[in-house]
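**Student:** Letter by letter, the chains look like this.
2 protein chains.
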Amino acid sequence: MSEQELGITTSKEHETGEWYAELVQKAGLADYAPMGGFIVTRPRGYAIWERLQNHLDTWFKDTGVRNAYFPMFIPESYLEKEKDVVEGFDPEVAWVTHGGYEELEERLAVRPTSESIITPFLAQWIRSHRDLPMRVNQWCSVVRWEATETKPFFRTKEFLWQEGHTAHRDAEDASEETMTRLEQYERLYEDVLAMPALTGRKPDHDKFPGADTTTTVETLMPDGKSVQAATSHYLGTSFAEAYDVTYVDEDEEEQLAHTTSWGLSWRALGALFMTHSDDQGLVLPPTLAPTQVVIVPIWNEDSKDAVLEYAADVAAELDEAGVRVELDDRDNRNPGFKYNEHELNGVPLRIEIGPYEVEDDELTLVHRPDGEEATVDREGAVETVEDHLDTIYAKLYAEAEQTLEGEIREAESREEILGTIGQHGGYVKCGWCGDEACEVPIKDAIAAEIVMVPLAEDEEPIHDECAICGDDAEETAYFAKTY
Amino acid sequence: MSEQELGITTSKEHETGEWYAELVQKAGLADYAPMGGFIVTRPRGYAIWERLQNHLDTWFKDTGVRNAYFPMFIPESYLEKEKDVVEGFDPEVAWVTHGGYEELEERLAVRPTSESIITPFLAQWIRSHRDLPMRVNQWCSVVRWEATETKPFFRTKEFLWQEGHTAHRDAEDASEETMTRLEQYERLYEDVLAMPALTGRKPDHDKFPGADTTTTVETLMPDGKSVQAATSHYLGTSFAEAYDVTYVDEDEEEQLAHTTSWGLSWRALGALFMTHSDDQGLVLPPTLAPTQVVIVPIWNEDSKDAVLEYAADVAAELDEAGVRVELDDRDNRNPGFKYNEHELNGVPLRIEIGPYEVEDDELTLVHRPDGEEATVDREGAVETVEDHLDTIYAKLYAEAEQTLEGEIREAESREEILGTIGQHGGYVKCGWCGDEACEVPIKDAIAAEIVMVPLAEDEEPIHDECAICGDDAEETAYFAKTY
Ligand SMILES: [Zn+2]
Ligand SMILES: [Zn+2]
Numbered sequence: 001m002s003e004q005e006l007g008i009t010t011s012k013e014h015e016t017g018e019w020y021a022e023l024v025q026k027a028g029l030a031d032y033a034p035m036g037g038f039i040v041t042r043p044r045g046y047a048i049w050e051r052l053q054n055h056l057d058t059w060f061k062d063t064g065v066r067n068a069y070f071p072m073f074i075p076e077s078y079l080e081k082e083k084d085v086v087e088g089f090d091p092e093v094a095w096v097t098h099g100g101y102e103e104l105e106e107r108l109a110v111r112p113t114s115e116s117i118i119t120p121f122l123a124q125w126i127r128s129h130r131d132l133p134m135r136v137n138q139w140c141s142v143v144r145w146e147a148t149e150t151k152p153f154f155r156t157k158e159f160l161w162q163e164g165h166t167a168h169r170d171a172e173d174a175s176e177e178t179m180t181r182l183e184q185y186e187r188l189y190e191d192v193l194a195m196p197a198l199t200g201r202k203p204d205h206d207k208f209p210g211a212d213t214t215t216t217v218e219t220l221m222p223d224g225k226s227v228q229a230a231t232s233h234y235l236g237t238s239f240a241e242a243y244d245v246t247y248v249d250e251d252e253e254e255q256l257a258h259t260t261s262w263g264l265s266w267r268a269l270g271a272l273f274m275t276h277s278d279d280q281g282l283v284l285p286p287t288l289a290p291t292q293v294v295i296v297p298i299w300n301e302d303s304k305d306a307v308l309e310y311a312a313d314v315a316a317e318l319d320e321a322g323v324r325v326e327l328d329d330r331d332n333r334n335p336g337f338k339y340n341e342h343e344l345n346g347v348p349l350r351i352e353i354g355p356y357e358v359e360d361d362e363l364t365l366v367h368r369p370d371g372e373e374a375t376v377d378r379e380g381a382v383e384t385v386e387d388h389l390d391t392i393y394a395k396l397y398a399e400a401e402q403t404l405e406g407e408i409r410e411a412e413s414r415e416e417i418l419g420t421i422g423q424h425g426g427y428v429k430c431g432w433c434g435d436e437a438c439e440v441p442i443k444d445a446i447a448a449e450i451v452m453v454p455l456a457e458d459e460e461p462i463h464d465e466c467a468i469c470g471d472d473a474e475e476t477a478y479f480a481k482t483y
Numbered sequence: 001m002s003e004q005e006l007g008i009t010t011s012k013e014h015e016t017g018e019w020y021a022e023l024v025q026k027a028g029l030a031d032y033a034p035m036g037g038f039i040v041t042r043p044r045g046y047a048i049w050e051r052l053q054n055h056l057d058t059w060f061k062d063t064g065v066r067n068a069y070f071p072m073f074i075p076e077s078y079l080e081k082e083k084d085v086v087e088g089f090d091p092e093v094a095w096v097t098h099g100g101y102e103e104l105e106e107r108l109a110v111r112p113t114s115e116s117i118i119t120p121f122l123a124q125w126i127r128s129h130r131d132l133p134m135r136v137n138q139w140c141s142v143v144r145w146e147a148t149e150t151k152p153f154f155r156t157k158e159f160l161w162q163e164g165h166t167a168h169r170d171a172e173d174a175s176e177e178t179m180t181r182l183e184q185y186e187r188l189y190e191d192v193l194a195m196p197a198l199t200g201r202k203p204d205h206d207k208f209p210g211a212d213t214t215t216t217v218e219t220l221m222p223d224g225k226s227v228q229a230a231t232s233h234y235l236g237t238s239f240a241e242a243y244d245v246t247y248v249d250e251d252e253e254e255q256l257a258h259t260t261s262w263g264l265s266w267r268a269l270g271a272l273f274m275t276h277s278d279d280q281g282l283v284l285p286p287t288l289a290p291t292q293v294v295i296v297p298i299w300n301e302d303s304k305d306a307v308l309e310y311a312a313d314v315a316a317e318l319d320e321a322g323v324r325v326e327l328d329d330r331d332n333r334n335p336g337f338k339y340n341e342h343e344l345n346g347v348p349l350r351i352e353i354g355p356y357e358v359e360d361d362e363l364t365l366v367h368r369p370d371g372e373e374a375t376v377d378r379e380g381a382v383e384t385v386e387d388h389l390d391t392i393y394a395k396l397y398a399e400a401e402q403t404l405e406g407e408i409r410e411a412e413s414r415e416e417i418l419g420t421i422g423q424h425g426g427y428v429k430c431g432w433c434g435d436e437a438c439e440v441p442i443k444d445a446i447a448a449e450i451v452m453v454p455l456a457e458d459e460e461p462i463h464d465e466c467a468i469c470g471d472d473a474e475e476t477a478y479f480a481k482t483y
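Protein sequence lines correspond, in order, to chains A and B. The first sequence begins at 1 in my numbering and counts up by one. The second sequence begins at 1 in my numbering and counts up by one.
Some hints here could point you the wrong way.
Since the list gives no way to pick one copy over another, a pair counts as held whenever it fits inside one copy or between any two copies.
[Claimed, not checked] Listed below are the simulated DSBU-like cross-link pairs for lysine-lysine, each with C-alpha atoms no more than 35 Å apart in a straight line:
| id | residue 1 | residue 2 |
| --- | --- | --- |
| 1 | Lys12 | Lys481 |
| 2 | Lys61 | Lys304 |
| 3 | Lys395 | Lys61 |
| 4 | Lys225 | Lys395 |
| 5 | Lys338 | Lys61 |
| 6 | Lys304 | Lys81 |
| 7 | Lys83 | Lys26 |
| 8 | Lys151 | Lys81 |
| 9 | Lys61 | Lys151 |
| 10 | Lys81 | Lys338 |
| 11 | Lys26 | Lys81 |
Hints listed in this document are in silico derivations from the structure and should not be mistaken for laboratory results.
All chains should be modelled from the sequences, with the hints used to inform the complete structure.
**Tutor:** Written out as structure tokens, the structure is:
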């Protein structure tokens, strides 16, 4: 491949959509599958997903969650038991109608989400208050037949996610669970993806079908649109009633359980790639980068042996210390080509080693996000490299934070909402009466919607009046365009 | 639950099928799903699968394999490009025909295996000999609509597995890859599942559709039937031809790649449970047991505080050292109940701690597989426990080995094959002409088949004549009944 074919040719700032599509393909993250709406997740993309999984899965297990696996198909009659769910998902379900040459007696839904197959089993496994809380999670793929344009990791008909499902003795326990998971998602964004995040509740008309409360993590993309980055639902007793999840309490009384569900999908990857990457390609935080450090030796005939030996020694020392390091000693590529390739592929830190570094017992470090260079002592390389990786993480976080800061504005009228989002993007918060009808004119005009309201239900609205209809405000609404 | 409900009521020896079904449910490994042929893998079962995955995945990655994820659906036209594959799987494919309220223009197969969707992408990603070997693997579920009786982990319409797909420059490289994976599967059985295994080739008429060579790991179950425990296929150039996987070699010539595929499914779990477990319940090797050691304190009112403190201290020390230990200090269950429960659930080692142990600074250890007891010093508990866990592994392996030993017999006639398998089960090896027709009478009479022939194609057959037809023998056939 020539260098031109290798590099990204579009501009993140001016053609965000085209740039993103090019990034995903050229950085080897994903390809489009032959069927519209599906993608193939390539090894570099999948390795990042595996690291993300590993963080979240460890936290889940540390807080009482156990993984399980439920069938990918759900009988139509099961889906229908919770009518809110089936109404919510009906238009998006892929149906299996034939097995081999036979038509099935009952159609099977490819799971769009698994409440309706998991909850009946929770009902079966739970007998007494001693069985509560019960928490299961599965990492799997789900299918939602949405007829919108494909955007890898953001909008695909099949996507990878985890879905947690828990049952509790009362509303308090279940609400606490909902918040625990929301906070773990927030932590994932803040501490692993280097992305600041907002947390809030979805307005009633945008809750998960059947949920009492849907909480959400929202992150702002560089183009000013908000991404729903994870959700955690308190389902009240609606699913427990539909599927008969009861337990015998300490007084031998039968009680309805309260349930939750919560999920994070590979959309988190989309948000990650979109946030940090640039016109040179992928930018990754060191926490998730498959290769954290690449060593590029620079030699001529005379210096080759010394440079390569020195470089291999540094690589071995870093590897030994658990740094994910790659020594790029390919003979058939020049250093410039290698720089471009590793920049495209998102390696956070490059170490350049030439005759001068060897002579002076030094290393030249280059940060991927901003090209900052530092010449450092060869001695103490592990600690120095780890410091620089931390610095790179902090830089990424700071830049994303700067994007968010100042992007939460206030408005007191419909015109102000439209004008502010139209001009700046970002979030606009305003007083809201709570009526979905007041979202409609904003949605119709500029495709912005209420992405969240504050977590605390009793929080005073920022203004006394609904910015749209002028009635008494019940809540503060955050309007934004969305992915 | 009463103790009677808790325990297993059937006999492994006399009612193997019923016993296995009871074991799977009562040890919390899996439940039957509402649709025939599907199961729900419960947390204890899934945790064992996760550990198994972790072993195999680490070995794969250490030997150049990278994980990826391909769509769960395959367009019918893609499946048809490799006619052998479509013929092989057609009767077993589940078809998605509708997305939402719309009928799809082209039916989508739920993947029965992914050669036909992965190979076209290998073709796209491979340009030059420098891109080879290319290896991708995915952990996913596949669906095969077989109309046989459900047997959890052995026979289910949906099952979890991994499927590796690789492309190489020539037959030698690809054959070597096939053997590398076969050996990793064998190692998994020997070193992780505590099961001795045989390796061989499938006879030509039982190869994977389109394969040049199908190699297999076979394990013998206690009831004398063989389980195909993993397979690794050298696919020659048939898939490369069908999907156009070519590369440019050093001389700028276009060449066809040689491909392989290899897979191991959760059938490995079925074989594991079936092999080691007994009438008291699940028996697991310490390598895979979610809980390796359970500490059961035995107290009366006077000794309670001292016993619990001592037990907690031992638990903390083991936990610190990385042993997966659980302290069962439940107040509302007596020690006998706890013993039964942990035996049912397959905890390899029990530590009993009562007032005498506290007084004498000792521990009483009990091995799950055979009830062997040992009283050991409290000091050095970690090392002692680790030794005992190793001993337990060795015991399990030795017992499984004993089952296999002496179960490979020879026969020189059709009657002898039938009689020997009929009487003893196990494997019968004999000379074979290579003709599928000679398998038919054995299959028809006692449902035994040729499960493998030796790996080396040039190995001399053990007898000069085919035991069935009397023609010249080409190979040694291993007949056995199968799962
Ligand atoms: Zn209003
Ligand atoms: Zn014959």
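**Student:** Taking the hints in turn, state whether each one holds.
**Tutor:** Going down the list of hints, with the structure as the test:
In this homomeric assembly, Lys12 and Lys481 come within 35 Å of each other (Cα to Cα) only inside a single copy, at 18 Å, whereas the closest approach across copies is 62 Å. Taking CA atoms no more than 35 Å apart as the test, Lys61 paired with Lys304 passes between copies only; the shortest distance there is 31 Å, against 49 Å inside one copy. For the homomeric pair Lys395 and Lys61, the shortest alpha-carbon distances inside one copy (30 Å) and between copies (31 Å) are both at most 35 Å. With identical chains, the CA atoms of Lys225 and Lys395 are at most 35 Å apart within one copy only, with a shortest distance of 22 Å there and 61 Å across copies.
Proximity of Lys338 to Lys61 under the C-alpha cut-off of 35 Å is restricted to the inter-copy arrangement: shortest distance 24 Å between copies versus 40 Å within a copy. In this assembly of identical chains, the alpha carbons of Lys304 and Lys81 never lie at most 35 Å apart, being 71 Å within a copy and 50 Å across copies at closest. For the homomeric pair Lys83 and Lys26, the shortest alpha-carbon distance between copies (33 Å) is at most 35 Å, but the shortest distance inside one copy (44 Å) is not. For the identical chains of this complex, Lys151 and Lys81 are neighbours both inside a copy (33 Å) and across copies (28 Å), given an alpha-carbon limit of 35 Å.
In this assembly of identical chains, Lys61 and Lys151 lie within 35 Å of each other by CA distance both inside one copy and across copies; the values are 32 Å within and 29 Å between. For the homomeric pair Lys81 and Lys338, neither the shortest alpha-carbon distance inside one copy (57 Å) nor that between copies (38 Å) is at most 35 Å. Taking the closest pair of Cα atoms, Lys26 and Lys81 come within 35 Å of each other only across two copies (28 Å); inside a single copy the shortest separation is 45 Å, beyond that limit.
The structure shown violates the earlier hints numbered 6 and 10.
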